[in-house]
Amino acid sequence: MDFVSLPLQALAESDDVEGDGIAMTHAIATLRVGGVPDWISQTSSQRGVCSDKGVAKALRKLVNLITREDVQVSLLAVREVVKVAISIDYIIGSCGMCGHATIVGAPGVGRKECLKLVTFAHSGRWFEPVHSLRFSKKQLKGTFVDAVLSAGVEGRCSVMYVDESALVAELPGFDTGILGVCQTLEFANSLVSSADESVRLFSPDELG
Amino acid sequence: MQERIEEEADAREVSLSSNELLLSAFKRRVQANLHVVVCLNPASTAFVPALAANPALTSKAQVVWVADWLPTSIALLPRLLLPSPLGGNASLTDDEIALGYESGNGATDQLA
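Protein chains in written order, with the working numbering: chain A, 1 to 208; chain B, 1001 to 1112.
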């Protein structure tokens, strides 16, 4: 048995085989009744107990649900994936505590898909810098600013996803340093290290 | 930004008297709601330098190590991705997938 967040637990316990929106509505309602964190206070989210099988069931339902939102996720809920999902759920659901994660693993084992599904289960917003040809430092900063505003102003659970492609794909216009240091990771590092850095993303004019 | 936070505070009937208090509330809110997740490949040559240059990714964030799939899990893939020779879809249950069992042959889970 594992400790999981209430949305996952509700999805696991629901008899809705098709993974309909009813389970999600029930999950969110349960979460709200359990206590939304006060606006300026730090609280931890409530947790429920669920088996590995239940989490696998919840993941399969989430795949159905997220596909209806036009987000394509392909995930095979094997044991390793279930364990990762439980870990990520613990981190994303830990409100006010250490809510950041460094996921280390080979590509293709389901890291991003797990994260997407758990973010969806928590009704979170997904932010990801897209390294296209015309991507600039300004756009990179803009992506981080959007995530900070979503979390700080709207108060929504927001996940800023950065993957290893940032290490190798930074393009002209970026000051890619030595030793694989890149600005995407530097932004992520600053936000993880201190919440004060979130304010420094804004100019004094924007703050005023 | 300040106006948006004040509007939100008014809506929730929270009093934010000064700019410092406002910024403090904003930071706490960011800390509570923003989750920065970095995915790295340990086989990459840039893995160790990247972590060395960004120490907060290991000291202030939780590190989740995603191991490679076990052979029992990989063995399930063909049954899920390929159609059954007898027709119809693969018939793995949630339990089998989650636990790495092969149906009909008893438990072959090597983790237990």
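Don't read these hints as lab results, they were simulated from the structure.
Treat the numbers as computed from the prediction; the structure is a model and nothing was measured.
Fair warning: there could be bad hints in the mix.
DEER-style ranges, computed between Cβ atoms [unchecked claim]:
no.	chain 1	residue 1	chain 2	residue 2	range
1	A	202	B	1074	26 to 34 Å
2	A	134	B	1082	36 to 44 Å
3	B	1021	A	138	26 to 34 Å
4	B	1052	A	196	16 to 24 Å
5	A	128	B	1082	30 to 38 Å
6	B	1020	A	130	43 to 51 Å
7	B	1059	A	200	13 to 21 Å
8	B	1081	A	106	15 to 23 Å
9	B	1044	A	132	43 to 51 Å
10	A	186	B	1043	18 to 26 Å
11	B	1065	A	51	16 to 24 Å
12	A	130	B	1065	37 to 45 Å
C-beta atoms are modelled at their ideal positions from N, C-alpha and C, and glycine is treated no differently.
Status of each hint after checking the structure:
For residue 202 of chain A paired with residue 1074 of chain B, a C-beta distance near 47 Å fails the hint of 26 to 34 Å. Evaluation of the 36 to 44 Å hint for residue 134 of chain A and residue 1082 of chain B yields a pass: the beta carbon distance comes to about 41 Å. Distance hint for residue 1021 of chain B and residue 138 of chain A: a CB-CB separation of about 31 Å, consistent with the stated range 26 to 34 Å. With their beta carbons about 23 Å apart, residue 1052 of chain B and residue 196 of chain A fall inside the hinted range of 16 to 24 Å.
A C-beta distance of roughly 32 Å is found between residue 128 of chain A and residue 1082 of chain B, which places it inside the suggested range of 30 to 38 Å. Here the CB-CB span from residue 1020 of chain B to residue 130 of chain A is close to 36 Å, at odds with the stated 43 to 51 Å. Taking the beta carbon of each, residue 1059 of chain B and residue 200 of chain A are about 20 Å apart, inside 13 to 21 Å as hinted. Between residue 1081 of chain B and residue 106 of chain A the Cβ separation comes to about 19 Å, which falls inside the hinted range of 15 to 23 Å.
Between residue 1044 of chain B and residue 132 of chain A, the C-beta spacing of about 21 Å breaks the proposed range 43 to 51 Å. Judged by the Cβ atoms, the range 18 to 26 Å given for residue 186 of chain A and residue 1043 of chain B holds: they are separated by roughly 23 Å. In this structure the hint that residue 1065 of chain B and residue 51 of chain A lie 16 to 24 Å apart at CB holds, the actual value being about 22 Å. The hinted window of 37 to 45 Å between residue 130 of chain A and residue 1065 of chain B is violated, with their beta carbons roughly 27 Å apart.
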